[in-house]
Structures are given as structure tokens and as C-alpha cells.
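Using the hints, put the two chains back together into the complex; each one sits in its own frame.
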Amino acid sequence: MTAAVEGSPPLRMTRARRNALLQSEPVQGFALISPTFLYALLLLVLPILVVIAHSFWTQHYLTIDRTFTLENYRVALTEPIYRDLLWRSLYISLTVSLLTVILAYPIAYFISFHGGRHKSLWLFLITIPFWTSYLLRVMSWKVILGYNGVLNSGLMGLGIIDEPSTALLYNSSAVIITLTHAWAAFAILPIFVSLEKVDRTLVEAATDLGDGPLHSFLRVTLPLSAPGVISAALIVMIPTVGDYVTPKLVGGKDGVMIANAIQAQFGKAANWPLGAALSVTTMLIVTLMAGATVLIIRALQRLAR
Amino acid sequence: MRARRFLSGGWLSVYAFLYVVFLYLPVIFLPIFSINTAPTPKFPLTGFTLQWYADLPHTPALLDAAWNSLKVGVSASVLATVLGILAARSITRYRYPGRRTINGLIMAPLVLPEVIVAISMLLVMLQLGLSLSLFTVVLGHVLVCIPYSMTVLTSGFEGFDRSLEEASADLGESAFGTFRRVTLPMVAPAIISSLLVCFTISLDEFIIAFFLTGTEATLPIYIWGQLRFASKLPGVLALGTLLLVASFLLMTIAEILRRRAARRTQNEGGLYA
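Same order as they appear, the protein sequences are chains L and P. Reminder that position 100 of the first sequence reads as 99 in numbering that gives the first Met the number 0, one-by-one numbering, no gaps. Reminder that position 96 of the second sequence reads as 95 in numbering that gives the first Met the number 0, one-by-one numbering, no gaps.
One or more hints might be untrue.
Calculated cross-link-like contacts (lysine-lysine; reagent style DSSO-like; alpha-carbon spacing at most 30 Å) [stated by the list, open to error]:
1) 231/P with 70/P
2) 252/L with 267/L
3) 196/L with 267/L
4) 118/L with 70/P
5) 118/L with 196/L
6) 141/L with 231/P
7) 247/L with 267/L
8) 231/P with 252/L
9) 247/L with 118/L
10) 267/L with 231/P
11) 247/L with 141/L
12) 231/P with 247/L
Note that these hints are calculated values from the structure, not bench results.
Next comes chain P alone, as it looks inside the complex (with noise of 0.2 Å):
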């Protein structure tokens, strides 16, 4: 009887309940800490000030590193949504030998250690006289978006009506006529979902941008070059504020997005239905 009610929902609420508060929690705590008046991050808080974020715009080290940022998240996302688009299309598209192997080895750097892919990367630049710039980078997170593109887009893609796009190139609409007239319009919504959700991991990546970055810095590292400075910890949980917020509402935006394109391509009546 015990058991029973265990394994009900009772229990289990709880238990998500208490979970959602400890995967948010420490999250929580840096918009707290980043309004406090006081420089450490402690108990109790001494008062509300806004002085942290007012700095922030004095730092022209923190505008370049967001000014690299949002350069970096911006080519790394549409190249690795291109890419995405073409293997993603590819995987649910066509059936031939090899592609589960390939689709495994384009899928590998998610579950790869970063540090690995992020030296061994570094190896093969150096070696090939290439200086380590923004572009390295950009390159790095290419590859690491591309998992999550692939994620979104294939699952924008799946079930898609093909009889629709037959039907076009039988009324004698040409390929590309095809492509942008009847395909385009059904995945826009995932193709734009994957576009901010890379460029969420870009704006968010560390590691990579790390290894691979010349003298340039992008924000995470402007940040970890921060932390070694106690005094510096207020601006720094203030912009981590700002990015928290920034990667929350680029993610809603693109899970929304997500969402209508599973649907848009599973109803049966296409985009008006």
C-alpha cells in the first residue's frame, strides 16, 4: 500500500518540486547578488542599488568583448545552421549506407569532452600556420552547434509532407522554385529556432573560445579573466545577469519556434492548417 502510493504522483510532486528549486537555485542567485549594494556576495543583503549595472557601460574592455561576441555568435550560428539545414534535410530526406555512421560522427562533439576537441583543434591550427584569431573560433563553435542545429531541425524537418513539394515540381515549379516557395515557408520556424539556439551556445561557450582565441576576448572570457578580481564580482554577476537573461529569452523565442514548426510540418493540412 506504501508502494503504491509512493509510486504515485504525491511523493513524486514533491520530489520534482524540491528538483526544479535545485536546478534553479544557484541561478537565481546572481541577479540577487548583482542588485546588492554590498561588494560580496553574502547574507544578509545591505540594500538594492543598480550601481553594478550603471558601471557597465564604462568598461570599454566589456563593450569589445561584447562587440566579439555577438560577431563570433552571429557567423557561428548562420554557418553552422547552413550546415545543419543540409545534413538535417539530408538525414530525413534520403535513405543510403553510411548514414547513421555519419550522422553519429556529426553528433560526436556532444558528448566529447570540450577540453579534447578544443586541443585538438588547437593542434591542427597551429600546425597549419593558421593564427589564432576570432575566426578560429568561430570555427570551433561551427562545430559544436552543429549537434544542436541538427537536434532542432531535424525534428522541424521529420515528418514532413513531401507529396507537398511533388506537387509543386508537378504543377512545374523548378527545384530552387520548389525549395523557396514550398520547403522554406514549412521550416522557417525551425530554421530560425536553430539559428538562436546556436547562437545561445556561442554567446555562452567558454572552452573553446578559450583555446582558440588570440588576443581577442568574447564575453565568457572577459568573465574568467574577471573572476581573479574579488573586487571586480559585482559588474561580473551583473553581466551574468544580462546573459542569463539574454540566453532565457533567446531559448523561450526558439523552443516557441521549434514547437510551431513540429506542428506546422505534422498537420496534415500544411501551413494553413
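Chain L with its partners taken away, still in its complex shape (with noise of 0.2 Å):
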């Protein structure tokens, strides 16, 4: 009786403080986020565990023996078959991120600098393709590529190969020219974004000291753009790496990527954890790949200054 009478007026006390608790911002913040941040724990983070988990393991025919084992990233990473893949998965990612930015930053800048009214129009023209199937796209290169009267003289236009190619289907620059089209508008927007944050009066302020146009570009709009350039580059290069409609369908024998491997580790091959940890594997590459592209971006960023 006396400790209820005692502990009643604390007992309202927390009572008040978990009613301010749940109407503080934080609180109320947090349960508004919750239902899709559970859902991208459920169906993102969980099975990311769960193929990191499936690295470590073996398959014997239909069972899985979950004793720790490192097999499969031996496997994955000396096996010529799936080193080379890697190799030209990565050699494709990076030149297919350096082509789209370097092909995507005038197309920016102009929209930036010389847009005028029309900048959104031209933002929208310019996305517009990209939310087009994926698909259809690989596709259309797929019959593009056979008919070298368009292909070529369209490519030599835009300065992207010197001499008509007779050989241009099946092989990994078709891979690469079909990705570079494919991821064009993802580079152009970041890089667009961070044009339109640099401060114009520092260009003006650059040619007032003196600076002509190209090094007042070099030196003042060219770094202030770094971090648009850094996310263009990342946001390519990421999925790029893993693409698999691309190798498949323009890529013959010759442009077979590491993402039509792990897919025959999950289909015909039946071994998932080796294609886990093939996964696993070209996930670590690529982010490491990222992280240099960052380093070095941000050096030549200091450099130019």
C-alpha cells in the first residue's frame, strides 16, 4: 500500500517523460523512417549477411556444409577463368566511368553555364533515354552494332573511335560503348549539380585578376566541380562492375564479365557459395577501385589549385 503511494508520483513522472519522449522529434522521426528502413534491413542488409555467410561455406551437391572455409576465395581469386574476369570486369568499369565523365562533363557545363532558361528542358531531354528499359537499349546497340554505315560514322562524329571498326559486336569495347551510352544521364546529373553550386563571381573574380578563360576554368570552375565528378565516377563505375544484360548480350566470348559468372554459380553451376564469394570478391575490388578514384580525383583537385 505504501509503496504504491510512494510510487505513484515517480511512476506519473516517467509516465510524462516517455509522452515527451514520444512526441520529441527524434522519436517521432525515427517510427515515420522505420517501416522502409526495416524493409531495406530485411531485403538488403540481411541478404548481403547472408551472402558474406554463404563465402565462408561449402556446397555439397544440394547441402550446404557451413564449416568456415577460405576455399572459395582461393578459388576465386587464382582461378584464371574468374581472375581474367575480374580483371577485364574491372578494366571495363573504369574505362566505362571515365569515358561517360569525360564525355558527360561539357554536356554539364554547358547546361550550367549556358543553359539559360531552358535548363531544365535540356536536363529532361537528356534523361529522358535513360528510363527506357535497360534492355531494349543493350538491344537496340545489339542491332546497331551489325550495320557499320551508322554505327561507324556516328561513333567518328563524336571523336570516340579514329577509323570505321569492321569487328565491333562481341567483343569488350562493345560492352564498353553500349555502357557508356546506357550510364550517360547518371554521370551528367551529379556533375550538373555541382557546376550549378560553384559560385559564379569566382569565375568573374578569376578573369578580373587577370586569368584568361581556359585557365580560369583549369583552375576555379574544373576543381570547384571535384565532388560532381567524384560521384559521377562512383555512381558508374559501382554497378557497372557487376552488369550482366550488357556482357550477355553484345559481348560475345571476348566481353564476358564477372556478373555472367556468378549468375552460373546461382543457375547451372549450382555452387552458391562460390558464387558468394565471387560477389563478395568483386564488391571489395570495386570499392577499393572507388576509394583510389576518390584519392586520386581529390589530388588532382589540390594539384589544380
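Structure follows, in C-alpha cells:
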């Protein structure tokens, strides 16, 4: 009895405090985002953890042996076939991200500095093809690459290749061209956003202080837009390393990439742990490559100043 | 002097024009060859026909795939938009620790290789004993649609004038009433835009559907299957053209609505400005 009487005032206080807590901004905000957060945890984080776990296990026919082993990683890193596929995938994704950024920069610059009233129209025009089916865009490259007249004249006009090529389909350059086209819009947007943030008065100041337009571009605009260049490079590099459709449709034998090998492990070859180890290895290496890219661009940015 | 001219609009606009040609060129070849009489896509064109389109409704497998795509697209876009609304509202309205990390996690599928996202989900679903079906495809599509939904909705919710909601609450409206009569009308265009964007993504998405479906095909999976047969190519081109037109229309409407939403919330006068 006495305990209850003594206990009630603090109890009321905790309740009041709890109510205050429930109505506080952080709790309400967190409660609101929690369904989406949980969804991402359940269907993204948990699956990735399961993949990592599988990469340390072994498959015996239909059962999974859960004793810890690094054998899958040994196979993934030393078997010539996987090593080659991994290198090729990294080479292709690096080339594609470099190409898309170089090709996209002038467009982003043009829209940001010379777009005038039509900025959003230009952006819309450039992003629309990106919203059409990826599969269909790859398929149309397959259709085009067979017909040298159209493709070669088009590409030579753009300066991507120097001379007409007769063997465009079914090799890694076909994969590179297709991916560069497919990811173009993804590279333009981040660069455009960072160029929009460049303080125009700084460019004017550089010109007033005697820098030519090229100099002021190299020393002011370009370094200031480095964050956009970095995110453009990463946003292209990471997904393209694991591309499946493009190598399958236009890559032929010489354009096969690591994703095709990963898919085979989950399909015909039925070796999930090896497929998991290949996925984890790919992700780790591309993360390292992305990190190196960030460091290199930052170093260049410092040099430019 | 030459450098100045180089950096000024002249050269760049030529480049911009060529770039847009490069972007559109491959896409334009699909409709061109879909109305060509020759069954193989090559120049010169042989003549105009709508034969390939006329054949489409007589292919039962295609109609099934279209129906499946519609079911998956509607379910995925509704679910992703609901989850997107909650998250975008939380991100734009509240400040709390861990907000950026959670946002980063939700946006992560945008930058991860799709194959890896797909096989991870496949592994978990098989482990949980879920049989692969259109339902598992929907689960996967929702995950990849949420980042896009978030982007559209955040731009619609940002700059949303909170005092309007406060005014409504002060005037005695309940929390739900405020949401329904003040918040919802303001953000409706952004929500519809998100639904259209998600539907388009789901309609066109191949990798995740390819890994997570059982025996039922969606349209991209149907197309993938047809690509093996050279003789089926014109039909695929015709179907592809229809999909292109559908995506184009949906995205144009979505973009117009998204802009309207952004304008609505950013104007001081709100709804009627």
C-alpha cells in the first residue's frame, strides 16, 4: 500500500517523460522512417550478410556444409578464368566511368553555364532515354553494331573512335560503348549539380585578376566541381562492374564479365558459396578501386589550385 | 582567344547536339525497324508495314507477360511509394541522429550492382523457403524503386511550409485531418509522380525479375526469351517500341507532376498561388 503511494508520483513522472519522449522530434522521425528502414534491412542488409556467410561455406550437391573455409576465395582469386573475368570487369567499369565522365562533363558545363532558361528542358531531354528499358537499349545496340555504316559514321563524328571498325559486335569494346551510352545520364546529373553550386563571382574574379577563360576554368570551375566528378565516377563505376545484360547480349565470348560467372554459379553450375565469394570479392575490389579514384581526383583537385 | 571561343557556347552547343543524337540514336532504331517489312534489321529499309504490331495480340505468352508486368508494376509502385512517403516525410520534416546513415542505406540499391542485389535476395528467399513467384519479384522491385520514389518525393516535400499544417492543427483539425486536408493535396502531384516513376522502373526492370521469378514471365523476361530466336526479332522490336512509348509517356507525365509539386510547396501562397 505504502509502496504504491510512494511509487505513484515517480510513476506519473516517467509516464510524462515517456510521453514527452514519444512526442519528441527524433522519436517521431525515427518511427516514421522505420518501416522503410526495416524493409531495407530485411531485403538488402540481411541478404548481403547471408551472401557473405555463404562465401565461407561449401556446397555438397544440394546441402550446404557450414564449416568455415576460405577455399571459395582461393578459387575466386587464383583460378585463371575468374581472375581474368574479374580483371576484365574492373577494366571495363573503369574505362566506362572514365569515358562517361569525360563525355558528360562538357554537357553538364554547357547546361549549367549556357543553358539559360532551358536548363530543365535540357536535363529532361538528356534523362528521357535513360528511363527507357535498359534491356531494350542494349538490344538496340546489338541491332546497330551489326551495321557499320550508321554506327561508324556516328561514332567518328563524336570522336570516340578514329577509324571505321569492322568487328564491333561481340567484344569488350562493344560492351564499353553500350555501357557508356547506358550510363550517360547518371554521370551528367551529379556534375551538373556541382557546377550549379560553383559561385559565378569566383570565375569572374579569376578573369578580372587576369586569368584567361581556360585558366579560370582549370583553376576555379574544374576543381570546384570535383565533388560532382567524384560522385559521377562512382555512380557509374560500381554498378557497371556487375553488369549482366550487356556482356550477355553484345559481349560475345571476349566480353563476358564477372556477373555472368556469378549468375552461372547460382544457375547451371549450382555452387552458391563460390558465387557468393565471387560477389563479395567483386564488391571489395570495386570498393577499393572507387576509393582510389576518390583519392586521385582529390589529389588532382589540390594540384590544380 | 581561341580558348575563349572554345569555352563559350558555340562549340559546346554543337557538342551538346551531337551528344543528344548519341543518346537518342540507338533508341530510335527500334521503332524504325519495327515498321520495316524485312524480318532482319538492316539498311536500306524495304517498306512500311504494321504487320509486326498486328501479330502481337495473337501471342498468348506475350499477353500473359503483359498482365504479369501490370500486376507487378502496380503492386511494386504502390508499396514503394507508401514506404517512400514515410521515409521522405521523415527525412524532410524531422532531425534525428542516424538520419543520414538510414537515408544512405535506403538509397544504396541505386548504386549497387543489380546482380548482387538480386542474388542476395534470391539466397535469402530460398533459405526462408519462399517459393519464387511474382510476389518475390514485387519484393525485389519495391527495394529498387524506393530510392527513386524517395528522390521524387523529397523534392516534392522539401520547402513544404510547415506553418500551414500548424495553422490547421491550431484551428482544431486532428493530425489525420490535417494530413488529409492540408498535406495530401499539396503533395499529391509528387505522390502520383512517384507512382508513375516506380511503375516505369518495374515495367522495364529485368535483372531482379529474371532472378526472382518462378515460372511466370514479365515483359522484359519475355523479350529476353524471344531474343534467342532471330525470326522473332521484328515482334520484339514492335513490343519494344510500345514499351518505349509507354515509358516515355509515363515519365513525361511524372516529370510535369513533379515540377508542379515542387512549385506548389515552394510558393508562399501554397496551393492557390
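Okay, the hints, checked on the actual structure:
no. : hint             : verdict
1   : 231/P with 70/P  : holds (25 Å)
2   : 252/L with 267/L : holds (18 Å)
3   : 196/L with 267/L : violated (50 Å)
4   : 118/L with 70/P  : violated (36 Å)
5   : 118/L with 196/L : holds (14 Å)
6   : 141/L with 231/P : holds (15 Å)
7   : 247/L with 267/L : holds (15 Å)
8   : 231/P with 252/L : holds (23 Å)
9   : 247/L with 118/L : violated (37 Å)
10  : 267/L with 231/P : holds (26 Å)
11  : 247/L with 141/L : holds (11 Å)
12  : 231/P with 247/L : holds (18 Å)
Consistency note: the structure conflicts with the earlier hints numbered 3, 4 and 9.
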